[in-house]
Each structure stands twice: as structure tokens, then as C-alpha cells.
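Q: Just so you know, the sequences run in chain order A and B. Sequential numbering of the first sequence, starting at 1, is according to the UniProt record's numbering. Sequential numbering of the second sequence, starting at 1, is according to the UniProt record's numbering.
By construction, these hints were calculated from the structure, which means they are not laboratory data. Remember, predicted model here, so these are calculated numbers, not experimental data. Mixed in with the good hints, there may be bad ones.
What the hints assert, rightly or not - Straight line, CA to CA, 30 Å or less: simulated DSS-like cross-link-like pairs of lysine-lysine: (1) A:513 with B:92; (2) A:439 with B:70; (3) A:112 with A:492.
What the hints assert, rightly or not - Sample of chain B residues with no beta-carbon within 12 Å of chain A, all distances over it, derived: (4) 7; (5) 30; (6) 34; (7) 57; (8) 60; (9) 97; (10) 100; (11) 105; (12) 107; (13) 108; (14) 114; (15) 116; (16) 139.
Positions of the beta carbon are idealized from the N, C-alpha and C atoms, including for glycine.
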Amino acid sequence: MFEPRQYAEWIHGEIFQPVIVVIGTANAKTRIKEINGLSLAELFAPFGGHFPPGISVSVQSLERQIAIEHFRVQFTDADSAVQLSQLQADQLADWTVESSALERPTRSQSAKALEAPSPWYEEWRSALFRSLRWSDHEGLDQPTAALLVVMSKESDPAMLLEQLLHSSNMPPLCTQGVLDPVPSRVAVLLHDASDPASPSKEELVRKLENLKTSFAPNQVFVLEINHGPADHVEQEIQDLFKTCRSRRAPPPPPAPNESPSPSPGTRLSQEDLTNLAQVVTEVVVKNAVPWMEKQLQQLEAQISQSRKGFRNQLKYLWRKPREANERGEVVQEDSGAYPLHSVEGQMRLAGDLSFHLRDYEVALGYYRNVVSDFKQDKSWKHAAGAYEMWGLCAYITNGARSEWNRCMESAYEHYLQASSTRLAMRAVVLHQAMWCDLKEAALRLMKVNGDLPDNNLRNALILEQAGQLYYTCGAPRKGAFHLVLAGHTYNKLGFKRLALFSYQAVVDLYIGKGWFHITDHFHFTMARQAFGLGLKDESLSHFLKLLNSFADADKYVCIQAERENTYIKEFLYVLKDWVQKKCSESEIESVELQIPCIQPEVRLRLPDDQPMATAMPGAAATSPKNGDEAATSASWELLGEKMLPTISPDDRMELNWRQRSDARIFDTLRRVTTVGSEVSVELTLTNPMRVKWEMRAVRLTGELQDDTGVCDDAVMFPSQDVTLGALESRTIQLTAVPKKEGLLKIRSVTWGIFDCQQVICDRPFQFKGRRLRNTLEQRASQSGVYSDDLRLEIKVRSNKPRLSACLEGSPELRRMDGTQEAQLLQGELHKCSLVMRNVDCPLAFLHISTSHPNFVAFDRPEGNEDLSIDFRDEGIRLKGTFPKELRVPVLLCINARGLHALRYLLLAEAVGDGIKSEQRQWITLEELTRVEPALSLSARPSPSYASDGRILFNCHLENKAAVPLQVQQVQCFSGTSQLQFHACGFQGREIVVEPGQMAQMLYSLRPGDERPAEQSARLRLLQANRKKSRSSRREKEPCPETVDLVAQWQQGDRADRTGEAFALQVPLERPEAPPCPLDLHLLAPEVAEMAPDLLVPVTVRIRNASMAGSVSFYFVAESSADIAWIGCERSEIISLPPNTSHTAIIYAYFVQPGVYNLNRFRLFVVGMPSGSVPASEQAPLAFAVPFERLLHVVASQKEGTVG
Amino acid sequence: MGSWLAEAALVNVLIIVGKDDVPIYEADLSTEGLREDSPHLDQFVVRAALDLVDEMVWNTSSMFLRVVDKFNDFHVSAYCTAGHVRMMLLHKHRNEEAIRAFFADVHDLFLKAMLSPFQTPNMRIQSPLFDQKVRAAGQKHFRA
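Chain A on its own, in the form it takes in the complex:
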């Protein structure tokens, strides 16, 4: 947009200039075209005031003298002085815009990309102005001079000049009478110094004199040119003519059969330029401008004659419109121009000449006066033209804003009314260049866009211009949208470069803000446009961004599968084309494609690790159930410490990793594997798209480094093909096999994309280690400072055991009719084997330990006499010569119900002098076992029958299993000896305990009658259980002499299901009751007769026997199936001072006759005298006073007495 002064300069410099018509002989035209590569008009054009020093003139307008500093004229070949047709104008506009965009390939990336106007808009605007020259509704192109050019070598220049003077050589508008056909005339005798046929100096002078005589009073100039060399043209001269030619409008591209012309300005020297400038200045100053002054005065006189004066004014009031001519024929609207002899035509021409001479007030007066005539005649085009110039003059003369706005809008409307859309567009463009509110200008453009519905280049440029104006005036989102619309329109019209520029200019305003549909549209469209322009790299980059956006977790939008399929198809097409152009057949290119997604959890699996599939066998089926006992296991680290008291840090970290699987440990830990072993990397691939994704030859990449550096071909990476369905996630294992010692670094995973043979997708593994917070910088860093993650850096060693181990015969899950059956019964004896296979590596030792030594016992392997075996608390240790396969018998006897994770840790160390931690192999095995309840055994010595030297044990057996269990025998152990244990009264009888039943048996033990027990796995299990039982006992408790009882059982007649129930640490003497501060007395009858409503009163008397202080307590009466207590079975808390007693009466109810022990009372002390054992209501001390108070309930007399 221009200020009025700038606007005037722009108008006179670029758009409306006085015209000098150049008419030359055929020889002159041909010679200049062939030698200089120019037309005659182009030869003079640069000197028409367009370049310094310019032409300064002083003009005499009607009323005043005006000095013009930079007066400009334009030279036009007479034979090209016609208006372009619509088709030609469109071609010119298309070519102009396309070539302008081609010259500015980086415009869209510059900061000015969103500033109005864009360079192609300016050039299109210039092309529009040029295409509308020589219009019959205006006199702006009135020739002010005719330059008649003849060559000096021509035989009769005078005669040729006479021919050139003929009016038929003038532009068509002059011959039609619209413009004055007789401008000032100047003859130019063109002397080509390079032409050998040119006359000599004397001859030239003679010809000139002849011409001056014959051509008088018109001026004649001689112009000598082509003094320069034939093979060289100065760049400055060439640029001068090129610039001028571009300013004059680049012509449509030459036809293919047109012969190439020399560079513009060829053969011209600085001397020639000086000559040209002198001639042009003379023509302008002495001919064109005086002619204009003279013509203006003549026109003014003619107009005054017909319009000025009272008589003319009155006559004008009765002026008839041009609808009907003199003969009464109706004239069509806009059917013809106003000839120069009409007063309207004269007024228009006078206005245009005044405008050229910068007398805007006079011009404004003419336009203002003539517009009403045009409107009255319904000559909308002429009226629009007059309004247009009126608006320009009003703006340049700083007229009222409303005035020039109204004029320009009227011009636009009238042009539309006259169906002159190009001229209407010119009016809009001229209006746009005036200084006004940007938003208003943008709205005006959008209105024009709606009025001109043709979907052509003009619409695209209007949208672009409107978008830039919106953006500049503070509506960036609306501006961006209009630029997108412009890009869309450009694309439809085939201007792919401009379309791409429009999209590129605004892409950053949209991307990354969550408008995913827009983002996809941008990338897809720009990729297509770039591909259409041959920008393969850019196209591929946009396709990659488009596809990679699917990996964005925030991208939740639902896109149709069909559309995704289109994306992939076109991506593959571009990819194939790109790789074909980029590299030869043998080369491989990689692209950064993030599809499919690799989940961040990437695990390294070495052969020592338990496979995921077997690590938790039947995990779902064996998940803990309600009521299971806690199934905790010792950590691998703890087991390792038991094996190696001085465990190295590397070993500790290795076991720690197996225990916790915490990846943070890999900031320090590098795992160790053996040469030739498979290293597996487990990763999960996810296809986020709704179309199938084919991955060809998926493999790892990496390198193996040793002391000498990176080794070639030292690692083998097997590959596999993977196809992921729509939205599918799959976990795959990729392997690497190192062939020699060193440090294996796995770098990335690669795969081929569909069927593109030469393109791979290379996805480096990027792991963050532990967040470092040691220094201030590390803590202050916003993105965080992380340690290196070494999980995929593996030490490869040759001297490391390659042992494999598995547990054979472990209890299996048994199912029957879809229901789950117990794996093992509590205490069931189950034999299995730990099988180890060694591969060609001599072992220094092998150590096996288990997390549950009380459940698992190892036995001596059979047939391996060379091995020395050391049974330890946590397992066994083997030394010696190891066979290739070693089977260690394992006896399971799990005496606790619930789900148990039994762990086996194996440590094998190779023979050698290297770093021990790198020569060790740790194998971790874990088995989940569910144990259901079975037979339980509890025993206590009976005090009643200890008089004859024997000790009687009251053994209580309860079957908690769902199947009947047969008790085979009960054994008694003490230390490593087995004691003679005799059943009392049921020798030789099989005792079968049904499910839910209990059995009580008496056994007798005679101390001293013992023999050494057999050293077996069973005994070791018993000892381990005994040890654990002892460790759980409080140390302060006195340790009486005890024995261990073992009841052996069998499930029915199934010999394969046998087991043992332990009663451990059974004291040989009855434990003394703890000192109770309370005495209990029960007062009740000794005999009672059975009756339906028999209630026996029992008086409970409790006395505080302590002298230390008060005792707080409550008592509880325990009910059973045969006796029930009527009344409160639990008393309130009673506080008894020393030596006082409390009495309560409670009633007993019996259901059948018999002898009953009434002492079923337990005392709970909640407060003791100070200094005694602390007690509280939450943790009361429980006491049962050990005496029997028997009551004989006799049967009724009617029924008889029992026993």
C-alpha cells in the first residue's frame, strides 16, 4: 500500500505512461532483432526515463507550469499496440506467476512469506495492467509521438519515411478514431556501425541532410549504434535491457520453432547507449511533451466550445442519452467507443493527457464531468473507467477518503455491470494499493472473490493476498486458513510450486497443536505437491512425518482404514521412486520411520535366564487364592550370599537384576554371555494403523569390539519376517550370536519396508539410564541428565560355563472335568530330578541351593562316584569331574498349604585364572506349586500314665483333605536317632481318617530305646523343619527335652501318593503352666440327673492371689458340642484388689448323659500389678487353670443308667 505521493510515482512509473509509438521499416526491425536481440521499441525503452539520470521536463498545463523530475514514457512497437485477448492475458498471467515463483524457491521459508504482497502477486498485477493496455474506453495509451526508424543503408530513406507516415501504420485505436492518429513525428536514421553495407560518414551526412529537407518541419535524428564487439556484451548493458524487458512484461514463452535470438543488447557499447539516451531525451522533451501540451489546449478549446457558457449549459440539460442514434436505432450498452470527435471522447482524452502531465486537479474535473455522461448513456465501461481515474486523482490529491473509496467501488461495480471482469480486477488492484485498513482491504478482496466465481489464478491470488492481509492485521488464524485455501486453489489449477509455498508459509502455525486432521492434510498434500515438483526428499520427509504421527500417543483421532491405506500406497510409491533416483542397485538407504512402534520395554535374554513362558507355569491357574498362606521366597541375592559369602559386586548385580528386573541397574551392569550362545532381545512391536504392516528381514544390528577395535563379521544377526495386523501388538525375539570374545554392542533393529528392496528402517535403541542428581547442574537440568544404559552391551567370554538346567518330574497341574485339582497335598512326598547338562567346559564346582530347604531336600546323584558331595543347610555343593549330564534327585515335601514359589539357584564356576565373576554362571529356576491341606498331626504327652517308665503321647490326627487318608505309622525321632514308638491298643489295625474327621491315638515311648536313623533326604527334611521350628521359638524360652513325631500316610491304595505329617518339638514332659495371679474355684454338684430342662448351676469363684496389687481380668466359658453355657459366656473386665475374690454363677446345659469336665474356663488378664508382665485389653495374658472338675450326668431313672 502506498501513500498518495508514492502512489502517484508508482502509477506513473509502472502503470500509466505516455506512449511513443515506434514504426520502423522491415529492414530496421530485422536488423535490430538479429544483431541486438531486441525489437525497436525495446531498443529505446530503457531510456524512456526508467533509469538514472532520467528525464526532467517542465510542462505547461492549462493553468500552471509543472516541473516533473522523473518523466517516463513507454515505447511501443506499432504492430504490437493491440489489447491482449482473454486467452492471451490468462497465458501471460500464468507464465508470469509461474516464472516468478520459480525465481524465488526459498520465499516460503523466509520471514516475509506471510507479508503482503507476494512477489508473484506484484508481477501478476503488472501483467494485468499490461494486458489491459490499448483499451477503447480510455485515452491513457494515446501515442504522443511516432518514432519512424529507417536504416541508413536503405537506398531511399525519404520515400520509406513517407510510407511510414501513413496512418495505417499507427495503432488500431488511432485508425478507428478513438485516439488521435497524428501525434508528433520524429524520424530516426539508424546507422549500424557493424554492418558493412552501411554507408560511409559522408554518405550518411548527405542522406541526413536530404531527409531533413524532405521531412521538415519534423525532426530527424541520426543514431549510430553497434560499436561494440560481436562476441562480447557487457553485463551491465545486458542487465539494463533484460530488466527493462521484464518490466515491460515478460512475453509468453517463445514457440519451439522460433529461432534463438542473441542476448539483449549484443553489440551495443556505452557510446551507443549515450547516443540512444540523447535521441530519446530529444524526442521526449522537444516532441512528445510539447505535443501533449498543445493537444491538451486544443481539446480544452473544443470542450469549452461545446460545454462552457450559458447556452451550452442549457443545451446540455436537454442532452439525449446515446441509447438511440440519430437515425433512431437502439444502441446496445457498451457497444462502441466514444470517437475523438465526440465531446465525451475529447473530455476523456483531455483528462488522460492532464493526468500524464501531473495536473490532477484538471484531470479530476474532466473525469468528474464526463462520468455522468457515460452513465446517462449507460456506457458502464466508460463510466467505470472515468470513476477509476477520478478515484486515482482524488487519492493522489489527498481527497476525502470517502470520495476515492466511493469512486473505486463504483468503478468496480460498473466494470462488473459491463462484464469486464479483468478491468474490474484492475480497479480492485488499484484500490488495494491505496492506503487503507488492512482488514477492510482483506474483506474487500473476499467480496471480490465471491463476485468473481471463476476458479482461476485470480481467485488463488486474491485468497493469498487476503490471507496475508488477515495475518498482518492481527487475525493470524483466519489468514492462515485463507492461505491454505489459496494453496488448495493453486493446486487445483496446477500451480504446484505456489501451492507448496502457500502451505509451507503457514504449516508452522498448525503443526504440533493437536489439530491432527489438519496436520495430516498438510503433510499429505505437501508430500504430493513436492513429489509433483520433483522434490523427492521433501516429499518423502512429509510422508514420514505423516506416518510417524500415528506413533504419537496423543493422536487419538479415528482415521478411516481406507485413508490410511492411501497414505501407505502413496508413501511406498514415493519411497521406491526416491530410492531409485538416490542410489544404485547395490546400495541400501535407511529412513526414519517410527511405524510400527517399539514399546520402551526392551529385555535382553541370555541362555541362563528363565524363558518367560516357563518362568511362571500356569501362572493364571495357580494364582493365589483366598485363604492361601503367604508364599514368599528368598531373593536370588540372598540365596547367592548363602552360597558365596564374599559375593562380588557383579554377581550381586546380576542376581539383583534377576530378582527385581529394575532396568536402572544397567547403568552399571554389563551382563556376560559365552561365545556362540544366542543373545535374545525381546521387544514388543505395535502397529498403530488400521492396515496390515509387513516387515521384511527384521534383525538386530550392532558390533563386537575387542582389544583391537571393532571386529568385522564377529557377530551373526539372524533375521525373520513379521507381519502385523491392524492395531496389533506382538512381542518378538531377535537374536545375535557372537563368534568371539569381546564386548557386543547391539545398536538398533532394522527391517525392510514392505517390498521396497533397497530401503530399510533403522531404529536405534535409545534407553535412558538412571536420572543423575549428583551435581547442581544435573539437578537443575529441565530435561534431566541420565546415565548410560548398558543393557545391550554384553561381555562375551569363552571361559564361562554353558550349563543348562531343568527340573524333571516336578508336580504338574492336574485337571479333571475343568476343575482344578491340587498339585500336591500338604506333606506329600514327591520325587523329581534336577537335570543339568554341561557343554565342554570344565567346572571347578557346582553349587545348588534352594529357597525352601525345609520343603526341598537333595539326594546323592546315582552313579557319580567321582563327585564329592557336601550337603549344606541351603543345598548341596559338588566338586570333581562332572559328567555331561548330571541328575540330582530332589525330594519335595511341602508342609504348608498355599501357593509356593520354590526357587533353585545354581552356581557353576569354570576352571581358570580370570576374573571369577566372568567365569561364573548363575542359573535361576522357579517353580510354582500349589499345596492343598492334608493330614495334620499334633501330639502331647499324657501325664496320667507316666508311672511305669513309659511316656504316653496323645496323638491327634485330623484329615483336612478332600480324600480319605490312611495312617500307616507314626515314628519318633530325636536328633539323628529314631526312637521305638509303640501304638497302644490298636496294633495291626489300619487307621483310615475320612475327610474332615479326627482320630486320637495313644503311643508309648520308652526312653533309651533308640537306634541311629538312616541318613536320607527324608531325615534331612525333618532336620530342616526342626531347625526352622527352633529358630521361630523365642530364645528366652527354656528348651525342654523334645522329640519329633512323624506320621506317614497314604491316599487310599495309591502307593504313589504318600506323605508325612510332622509334630515337631513335642516335649517329653507336660509344660508347666505360667504363674497366674488368680485362683479359680468351681462349685457344682457332683451328680445330676438327666432331664429335658436340666440346668446345672456352676459357681465360679476367682481370687486375686497376688499381694503386689490389683489384677484386671475377664473370664470366658468355652462351649463345645456336648455342653453349653447359659448366660454370659464372657464376663466384663473385673478388677480385683489383693486377696479379694469375685463370684459368679453360670448354668451348664447337657444334651446327653456322661461325665463332663466343667473346667472350661479361661482367664484373660488385662492389667497386672506394676513390675509384672505387661498386659492390656488388646494383648491380654491368657491362663487356663489345669484341674478337672468332673460332673456325672446320669440318665433318667426311666431310661436306665449307662455304664
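Starting from the known structure of chain A, fit chain B onto it as the hints suggest.
A: Same frame as chain A, but now just chain B:
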């Protein structure tokens, strides 16, 4: 056969735009049928209308800003909450009272969704319940 017989869809696209022009919720409440728009065009039009919302919000004390912008046959109605969260509805048919009631319902639902401790301000609303209720509100006001 039959494509020209199919009825034109009743287009109603709701986009809730949070701070920094980040869309935090989108729902296409249109009926089935022929459509002239596409998902990206809807987003373009709605986003372009935000400039006009920024202007109009200072000219009225009402949260409902009525139709703020047009593009071809499409209208954009807007509702700006006190926290300057803008609810934009792209629609073809003008039914101001229904749109006003719909925005009021969505505003209620939006406030409830924002009160959820699991919802971060200016982040995508991914609550299925919210989505379900907004769609129900759309059905209630635009298809009744």
C-alpha cells in the same frame, strides 16, 4: 445408484478449544448422509473462526456469542466460558435456541469433567462418560 437419493447429513461438529488454541475435545454430532465437508475442513473453519471469537468476546457479556463466522454454507457458533475455553460448533442449519441450549448443557458437562482430579487443565478430555453425555446432548437438541 442411490447416491444422489441419499439425504444430506445434518452437520454438527463440536470442538472445544483450550488455551493456546489447543483442541481439547472434538465430537462429530452429525447425522448419517451425504456430506460436503471433511474432518480437516471442519477443523480449518473452526480454527479460523477463533480470531472472530477473540474480537466478539469483548463486545458482549454473554457467553453465547451466536454465529461468529461463515464459510460457504457452514456457520460457526461459539460459546466462550469464563476461563476463556471456547466451544465452537460448526453447523449448516441455523437454530439459535437449540444451539444455545446445547452449549449450556455442554458447559455443565465440561465443568464437571474439569472437576475430575484425573483431568489436567488444557489437556484432552478423554472421559468416555463426558463423550457419551455430549453426544446425548447433541442428539437431544439437534435431532429432536
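Q: Take the C-alpha atoms of residue 112 of chain A and residue 492 of chain A, compute the straight-line distance between them, and say whether it is at most 30 Å.
A: Since the Cα atoms of residue 112 of chain A and residue 492 of chain A sit roughly 25 Å apart, the hinted pair holds (cutoff 30 Å).
Q: Could you let me know if the closest chain A CB is still more than 12 Å away from the CB of residue 7 of chain B?
A: 21 Å, holds
Q: In terms of Cβ atoms, is chain A entirely out of 12 Å range of residue 34 of chain B?
A: Consistent with the label, residue 34 of chain B stays out of reach of chain A, its closest Cβ about 16 Å off (over 12 Å).
Q: Is residue 139 of chain B truly not at the interface, in the sense that its beta carbon sits beyond 12 Å from all beta carbons of chain A?
A: 19 Å, holds
Q: For residue 105 of chain B, which was marked as not at the interface, is the minimum beta-carbon distance to chain A over 12 Å?
A: Check passes; 23 Å lies beyond 12 Å.
Q: In terms of Cβ atoms, is chain A entirely out of 12 Å range of residue 100 of chain B?
A: Check passes; 24 Å lies beyond 12 Å.
Q: May I ask you to check that residue 107 of chain B keeps its beta-carbon over 12 Å from the closest beta-carbon of chain A?
A: 21 Å, holds
Q: Does residue 70 of chain B lie within 30 Å of residue 439 of chain A when you go C-alpha to C-alpha?
A: Holds: residue 439 of chain A and residue 70 of chain B sit about 16 Å apart, inside 30 Å.
Q: Residue 513 of chain A and residue 92 of chain B were given as a pair; does the straight-line alpha-carbon distance stay at or below 30 Å?
A: 26 Å, holds
Q: Taking the shortest Cβ-to-Cβ distance between residue 97 of chain B and chain A, state whether it exceeds 12 Å.
A: 28 Å, holds
Q: With 12 Å as the threshold, tell me whether residue 60 of chain B passes as away from chain A on beta-carbon distances.
A: 19 Å, holds
Q: Quick one: work out the minimum CB distance from residue 30 of chain B to chain A and report holds if it exceeds 12 Å, violated otherwise.
A: Residue 30 of chain B clear of chain A: closest Cβ-Cβ about 14 Å, beyond 12 Å.
Of the numbered hints listed earlier, not one is contradicted by the structure.
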